[in-house]
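Chemist: One letter stands for each residue in the lines below.
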Amino acid sequence: MTVNYYLWLIPAAPLLGALVNGLLSYSYSKRERGPNEALVSFVGCVSPLFSFVVAAAVFLHLRGLDPSQQRLQQWLGHWIMAGTLQVDFSLWIDQLSMVMVLVVTGVGTIIHFYSIGYMRGDRGYARYFSYLNLFMFSMLTLVMGQNLPLLFVGWEGVGLCSYLLIGFWYRDIEKAAAGKKAFIVNRIGDFAFLLGMFLLFATTSRIGNPTLDVPMMRSMVEQHPDLFRPMATAACLLLFAGACGKSAQIPLYVWLPDAMAGPTPVSALIHAATMVTAGVYMVARMSFLYQLSPTAMAVVALVGAATAIFAASIGVCQRDIKKVLAYSTVSQLGYMFMGVGVGAYAAGIFHLTTHAFFKACLFLGAGSVIHGLGGEQDLLKMGGLRRSMKITALTFLVAGLAISGVPGLSGFFSKDEILWGAFNASVGPSWFPPLLWAIGFVTAGVTAFYVFRAVLLAFFGGQRLSPEAKAHAHESPAVMTVPLILLAAGSIVAGFLNVPAALGGSGAFHHFLEPVFSGASAHGAHAAGNGLGAADHGLERVFMVLSVLAGLAGILIAYLLYIRRPDTPARIAAKARGLYNLVFHKYYVDEAYERAVVRPGFALSDRVFFRIVDVGIIEGVVNGVGTTARLVGAAVRLVQTGVVRTYALFILIGFLYVLYRLLW
Amino acid sequence: MGEITIHHYLYLSAILFFIGVYGVLFRRNLIVMFMSIELMLNAVNLSFITFARYSSSMDGHVIAFFVMALAAGEAGVGLAILVMVFRNRTTVQADDLTLMRD
Numbered sequence: 000m001t002v003n004y005y006l007w008l009i010p011a012a013p014l015l016g017a018l019v020n021g022l023l024s025y026s027y028s029k030r031e032r033g034p035n036e037a038l039v040s041f042v043g044c045v046s047p048l049f050s051f052v053v054a055a056a057v058f059l060h061l062r063g064l065d066p067s068q069q070r071l072q073q074w075l076g077h078w079i080m081a082g083t084l085q086v087d088f089s090l091w092i093d094q095l096s097m098v099m100v101l102v103v104t105g106v107g108t109i110i111h112f113y114s115i116g117y118m119r120g121d122r123g124y125a126r127y128f129s130y131l132n133l134f135m136f137s138m139l140t141l142v143m144g145q146n147l148p149l150l151f152v153g154w155e156g157v158g159l160c161s162y163l164l165i166g167f168w169y170r171d172i173e174k175a176a177a178g179k180k181a182f183i184v185n186r187i188g189d190f191a192f193l194l195g196m197f198l199l200f201a202t203t204s205r206i207g208n209p210t211l212d213v214p215m216m217r218s219m220v221e222q223h224p225d226l227f228r229p230m231a232t233a234a235c236l237l238l239f240a241g242a243c244g245k246s247a248q249i250p251l252y253v254w255l256p257d258a259m260a261g262p263t264p265v266s267a268l269i270h271a272a273t274m275v276t277a278g279v280y281m282v283a284r285m286s287f288l289y290q291l292s293p294t295a296m297a298v299v300a301l302v303g304a305a306t307a308i309f310a311a312s313i314g315v316c317q318r319d320i321k322k323v324l325a326y327s328t329v330s331q332l333g334y335m336f337m338g339v340g341v342g343a344y345a346a347g348i349f350h351l352t353t354h355a356f357f358k359a360c361l362f363l364g365a366g367s368v369i370h371g372l373g374g375e376q377d378l379l380k381m382g383g384l385r386r387s388m389k390i391t392a393l394t395f396l397v398a399g400l401a402i403s404g405v406p407g408l409s410g411f412f413s414k415d416e417i418l419w420g421a422f423n424a425s426v427g428p429s430w431f432p433p434l435l436w437a438i439g440f441v442t443a444g445v446t447a448f449y450v451f452r453a454v455l456l457a458f459f460g461g462q463r464l465s466p467e468a469k470a471h472a473h474e475s476p477a478v479m480t481v482p483l484i485l486l487a488a489g490s491i492v493a494g495f496l497n498v499p500a501a502l503g504g505s506g507a508f509h510h511f512l513e514p515v516f517s518g519a520s521a522h523g524a525h526a527a528g529n530g531l532g533a534a535d536h537g538l539e540r541v542f543m544v545l546s547v548l549a550g551l552a553g554i555l556i557a558y559l560l561y562i563r564r565p566d567t568p569a570r571i572a573a574k575a576r577g578l579y580n581l582v583f584h585k586y587y588v589d590e591a592y593e594r595a596v597v598r599p600g601f602a603l604s605d606r607v608f609f610r611i612v613d614v615g616i617i618e619g620v621v622n623g624v625g626t627t628a629r630l631v632g633a634a635v636r637l638v639q640t641g642v643v644r645t646y647a648l649f650i651l652i653g654f655l656y657v658l659y660r661l662l663w
Numbered sequence: 000m001g002e003i004t005i006h007h008y009l010y011l012s013a014i015l016f017f018i019g020v021y022g023v024l025f026r027r028n029l030i031v032m033f034m035s036i037e038l039m040l041n042a043v044n045l046s047f048i049t050f051a052r053y054s055s056s057m058d059g060h061v062i063a064f065f066v067m068a069l070a071a072g073e074a075g076v077g078l079a080i081l082v083m084v085f086r087n088r089t090t091v092q093a094d095d096l097t098l099m100r101d
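Residue numbers (numbering that gives the first Met the number 0), protein chains in the order written: chain Y, 0 to 663; chain E, 0 to 101.
Only chain Y is shown next, with the shape it has when bound in the complex (with noise of 0.2 Å):
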């Protein structure tokens, strides 16, 4: 078959897109009259669209194949070829970057039309949708590179493009700030990223074939484990830690609640299709290096589920709508490193799918309302918004439901499939599983109750709009709802792609998945939601009773807080007052890191590097060179008298000097 001649139109068409909408956009800005909307709109939404469809044929294809065989590779020619280093550009589909193209350009292309109706009428309304497209092209690249460094030029482009796009407004100083530290922390982790594709090329280059092709390694891995066993800890943790830059996890995860500043439809791409997702991709992608490690991998799972409740906490008394759900998908991309940091690879990954849907609905939501309250973010200044809008309230509402793990919607399948892999996990001591799943289980609570809170000061209860904001109040146009609606149709339906064998389903996804991780199963490290093996089928029920129940007790709680007595949470706040200010200053980990990282790096560069290296040493040995030019034509300047005479002196006293040296 030839399908695979065609892979390269899935990243080449956004790339398109993005740099004809760059020239648009170059093009407009020379002109008074605003950009045309019409045509920016169609290049910028058919480029994802097309590779949908590609997508989708190269799955139809892909699912006709044996499943072992499942796999398309595409050479596009050389890259790199220096001494026994060679990188190609070479493209892959397997059945894990199948399901992350889908996934990317589904929900990203549904991303794009969105934007049409909430960009109308800016100025940048070209550069918008060419950053757009180009932040396509990144991650495309970025699941589709066959080797590290391919992947690793999406992992730098999505960075990039977060940059672009979150500083977007950027003659508003914060957002351009805003946009700068994500960039920042990012390249923070993707240096410890790039330390770990070293350390990998060093060791397969010892074994004698060195290569960073992900195939290859990872047949040389299953053949030779013990040649790697002794650098996979190391080689794991580095990579993990460029993980927790893309991802968003403790330490790193501060520049995603910032990442705020950019457009809505921005935060939808960055938190559901594009980026963030990149990290929970790459561990899965490396599963077979990870498996080597139980040490790495305890790490994942436990900085995956101290970083789910963290971040869950500090969404509990978040204001702005945006920065609740913000917080809500550092949690969720907690539970996905929990979910592959126990084995659970095909559940994380599966989160992961289910997460885009529902929290791309919900940051579209919340965009709709933002848009039709014109820019108010504040929970507090809504209220009552159902009246207003419908659609928006109700896509919301399903969304809601769904990541609070209401049996049926999408988020109950993934993320009890997360919980049972992590109580069954075989990492750590005997303790650290059920801890695991207790502080998931907690978190799968908590989760519910903040949603919710949202959920019920936006659309329920009294209105608390300000008068403009009143009068300005308005659903969305239908390109807006439009894809608000297919998004909470995915939250619905999406779960079922994977049904467990304990209710009765096949767990489709895990067998789609099921060739990419077999190196992990193998090992006995998962056991997870799909029922192969040793699952207990009761007990695995009993647990879904379980966190269920915690998901309606969150909204419970919410509803009894904030619609029947909405005068009690802040009393909570008042009696609590310490409390209630650590977690509304988000712990003050940004001040913390402000005293520890931002101030003494500033007083390193300013003290050190300016003054001493720039000034004292650069400065100084360039303008000692041209001080010293300057003297020496002082010193010559003197015999230059101007006077003819002198000169023929000059030549006299040199002929009498050639003359005495040939005569004696």
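No wet-lab data here; the hints were simulated from the structure. Some hints could be false.
Stated by the list, open to error - Listed below are several chain Y residues computed to face chain E (Cβ distance under 7 Å; list not exhaustive):
#1 Pro476
#2 Arg644
#3 Ile650
Said to hold, decoys possible - Per the computed footprint, the stretches of chain E lying under chain Y, defined by three or more beta-carbons under 8 Å from a beta-carbon of chain Y, are:
#4 38-51
#5 58-69
Unchecked claim - Some chain Y residues near chain E, calculated using beta-carbon distances under 8 Å:
#6 Pro466
#7 Gly641
#8 Val643
#9 Leu648
#10 Leu651
Heads up, the beta-carbon is just placed ideally off N, CA and C, and yes, glycines get one too.
Based on these hints, arrange chain E on the given structure of chain Y.
Modeler: Leaving out everything else, chain E in the frame of chain Y:
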């Protein structure tokens, strides 16, 4: 009085040459300096012809002709420059022409 030998010619040549050197170094008028240079050239010519005569070779004569042709060219260009200098600066005193220093 003895016979006139090669030494007499060469001493005369050297005396003429250093009179020229003296003129170039210590006179201020450009025209005089110019004439001094001509004097030096002719002193050298005298040496060439002396050596040619005493070694029975034509080379010295040929060079003397070259030098005369060169001196003629030099005189033409040099005097033209002098005229222009005088028109622009109304002086031909070498010590007044110190534009290169400033």
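Chemist: Would you mind marking each hint as holding or not holding in the structure?
Modeler: We went through each hint and held it up to the structure:
1. Pro476: violated, 78 Å
2. Arg644: holds, 6 Å
3. Ile650: With a closest approach of 9 Å, the Ile650 (chain Y) hint is violated.
4. 38-51: Since 0 is below three, the answer is violated.
5. 58-69: That given contact is violated, which follows from only 0 residues of the region 58-69 of chain E lying within Cβ reach (below 8 Å) of chain Y.
6. Pro466: Violated - the Cβ of Pro466 (chain Y) stays beyond 8 Å from chain E, reaching only about 78 Å at its closest.
7. Gly641: Holds, about 3 Å.
8. Val643: holds, 5 Å
9. Leu648: Holds, because the Cβ-Cβ distance from Leu648 (chain Y) to chain E comes to roughly 6 Å (cut-off 8 Å).
10. Leu651: holds, 6 Å
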